[in-house]
Amino acid sequence: MLKRKRWIFAILAILPTLALFAYVRLYPIADTLRLSLFKWDILSKNKPFVGLANFRELTGDHLFIDALVNTTIIAFGVLILTIPMALIIAALIFHRTRSRMAGFYETAVFIPHVVSLVPAAMAWKWIFDARLGPLNALLTFFGIPAQSWLFDPVLSVICIIILCSWQALGYAVLIYIVGFKNLPVSLYEAAKLDGASGPQSFWYLSIPMLKPITLYVSVVTLVSGFNVYAQAFVLASDAQGAPGRQVRVLVLDMLENSFRNYRVGYAASEAVVLLVIVLGLTLIQFSMLRERGKV
Amino acid sequence: MTVNPVTYIEPTTEELAEGVRLRRKKRMTNFAIDVFLIIVSILMLLPLVFLVANAFKTPAEMLSWPPTIIPRDPTIANFSAVLGETPLLRWIGNSIAFAVMSTIAIVATSAIAGYIFGKFRFRTLNILFALFLATAIVPFEVYMIPLYFQAKSLGILNSVWGLLLGYLVMSFGIFLIRQNVIHSIPDELLEAARIDGAGEFWIFLHIVLPLLRGALGALAVLAFFQAWTAFAWPMIVTTTRTSYTIEVGLALFQTGFTVDLGRLSAASATVLIPSILLFVVLRRNFVQGVASTGLKE
Numbered sequence: 001m002l003k004r005k006r007w008i009f010a011i012l013a014i015l016p017t018l019a020l021f022a023y024v025r026l027y028p029i030a031d032t033l034r035l036s037l038f039k040w041d042i043l044s045k046n047k048p049f050v051g052l053a054n055f056r057e058l059t060g061d062h063l064f065i066d067a068l069v070n071t072t073i074i075a076f077g078v079l080i081l082t083i084p085m086a087l088i089i090a091a092l093i094f095h096r097t098r099s100r101m102a103g104f105y106e107t108a109v110f111i112p113h114v115v116s117l118v119p120a121a122m123a124w125k126w127i128f129d130a131r132l133g134p135l136n137a138l139l140t141f142f143g144i145p146a147q148s149w150l151f152d153p154v155l156s157v158i159c160i161i162i163l164c165s166w167q168a169l170g171y172a173v174l175i176y177i178v179g180f181k182n183l184p185v186s187l188y189e190a191a192k193l194d195g196a197s198g199p200q201s202f203w204y205l206s207i208p209m210l211k212p213i214t215l216y217v218s219v220v221t222l223v224s225g226f227n228v229y230a231q232a233f234v235l236a237s238d239a240q241g242a243p244g245r246q247v248r249v250l251v252l253d254m255l256e257n258s259f260r261n262y263r264v265g266y267a268a269s270e271a272v273v274l275l276v277i278v279l280g281l282t283l284i285q286f287s288m289l290r291e292r293g294k295v
Numbered sequence: 296m297t298v299n300p301v302t303y304i305e306p307t308t309e310e311l312a313e314g315v316r317l318r319r320k321k322r323m324t325n326f327a328i329d330v331f332l333i334i335v336s337i338l339m340l341l342p343l344v345f346l347v348a349n350a351f352k353t354p355a356e357m358l359s360w361p362p363t364i365i366p367r368d369p370t371i372a373n374f375s376a377v378l379g380e381t382p383l384l385r386w387i388g389n390s391i392a393f394a395v396m397s398t399i400a401i402v403a404t405s406a407i408a409g410y411i412f413g414k415f416r417f418r419t420l421n422i423l424f425a426l427f428l429a430t431a432i433v434p435f436e437v438y439m440i441p442l443y444f445q446a447k448s449l450g451i452l453n454s455v456w457g458l459l460l461g462y463l464v465m466s467f468g469i470f471l472i473r474q475n476v477i478h479s480i481p482d483e484l485l486e487a488a489r490i491d492g493a494g495e496f497w498i499f500l501h502i503v504l505p506l507l508r509g510a511l512g513a514l515a516v517l518a519f520f521q522a523w524t525a526f527a528w529p530m531i532v533t534t535t536r537t538s539y540t541i542e543v544g545l546a547l548f549q550t551g552f553t554v555d556l557g558r559l560s561a562a563s564a565t566v567l568i569p570s571i572l573l574f575v576v577l578r579r580n581f582v583q584g585v586a587s588t589g590l591k592e
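Residue numbers (our numbering), protein chains in the order written: chain S, 1 to 295; chain Z, 296 to 592.
None of these hints come from the bench; they were simulated from the model.
Since the structure is predicted, the reported quantities are computational estimates derived from the model, not experimental observations.
Ideal Cβ placement from N, Cα and C applies to all residues, glycine included.
A few of these clues could be false.
[What the hints assert, rightly or not] For the chain S half of the interface with chain Z, some residues (derived, Cβ under 8 Å), not all of them:
| id | residue |
| --- | --- |
| 1 | Thr-17 |
| 2 | Ala-19 |
| 3 | Phe-21 |
| 4 | Arg-25 |
| 5 | Leu-58 |
| 6 | Ile-93 |
| 7 | Phe-94 |
| 8 | Val-114 |
| 9 | Ala-123 |
| 10 | Val-178 |
| 11 | Phe-180 |
| 12 | Val-264 |
| 13 | Gly-280 |
| 14 | Thr-282 |
With the hints as constraints, model all of the structure from the sequences given.
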């Protein structure tokens, strides 16, 4: 009787949240999957089922492939830049935990992660600016020719990677610091007694033991890299000033197909590709963690 | 009672010198690390410092090399120009309204759902929780297009309600509160209250919520900044100039050809300074919240 009463309370209490959740999460996710199989142009009334035709079209769509390649390069570029730097900075901040400056270091590294994307991107737009930017001024000072950072097809991708890494670094550092704090102190003391130097115990103890954290941070960084949009929107306007067109990314391509070309079904199939990538990355993370557990 | 004789050997002068040398070496290493970390910190902050500095510069000084950090003759012309050209304050107001409402919704739903999932062990609930957790990895960008059409059919495009629709619940928030409920609220406490005749709702309100204050605070800060920095969703939901959030307003403002860097910097600084101050004040909450995202095992 009592149990039944508690069950009723639990269900009643969870119901409003569940209803909201179903409406703003489950339904749109299911709808994305469904729409990807339909040809739906907002303007036309009928919505014919086309099976996998949208996906087949994607494989030959130059704009989409361009976006996929750019986004992948950005995501992995951010990963390669962020993880080693975060690991080293976190180790050093952890080493200086007891100093008065530790709080300042943490805050300084973390602020770029929390500030609004667009104003922060604006700061970098000025830094990279070909005529007014301090970066080119610095380069010419050292006798290196000035570059048109934001209009060169390769350099503009690098600019976005730098901006995204600058933002991602703080998060990775913070998670690593938590990781360092959870490592067993006794192991380091033993290593020290055996004559291991600081860098040695970092290399042979910290890095292997932090592997699960590295895996987690890597996946988070990659996933947010695949969702890059605001950074490209602000930094990569093309020569005509159209935002984000210089470096086409997946989210931009998707929104353009949906709201400029009115091809919602097609855009949904792009969203499904994004979902598959993210799920794939998450699965890799879990399977690698499990493998580790077995050893 | 016999005391083990501890033989104390007087250290030789060489040994003392060795100790001094080691301590000095350690101090040198720490000093080098501090120097490195200070340089890293400055480099991380420099873009933002320059942005704020540029906001107060005259067009002529913007071009000067090397760039000055403290403007020679500071001007607020950029600010007044931006405030005249754009409804900047309106955008900030929209963003604040959106972020506050989203925070309230997320904290409320997470508190209730996290408590129920943490303390009521029924099979139905476990299945539901797995469902919540499974959707947590689906990025917002994946399902925002259908959600847009839902907002459209509700007639709430171009309003704070439309913005809110995308940010009502947070799977991670539910997970975070559930973990806290499991670790910090003992079953015995709830049972004792039940034996004393307390109703379930009373227990939630008067026992559970006060114990969750820390975790809910951390979640609130996370939720606020999440909405405050949202970009893609406000971008598609708002299409009228007066309904933009600050992120969208600025992003579209900077695409104009006639806009100069001084004004853009002024507009950006207006947004950055309060949010950095807010972050510094709430840093402990924030760090606690973010740190717990890494402990998902």
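Results of checking the hints against the structure:
no. : hint    : verdict
1   : Thr-17  : holds (4 Å)
2   : Ala-19  : violated (10 Å)
3   : Phe-21  : holds (5 Å)
4   : Arg-25  : holds (5 Å)
5   : Leu-58  : violated (15 Å)
6   : Ile-93  : holds (7 Å)
7   : Phe-94  : violated (11 Å)
8   : Val-114 : holds (5 Å)
9   : Ala-123 : holds (4 Å)
10  : Val-178 : holds (5 Å)
11  : Phe-180 : violated (12 Å)
12  : Val-264 : holds (6 Å)
13  : Gly-280 : violated (11 Å)
14  : Thr-282 : holds (5 Å)
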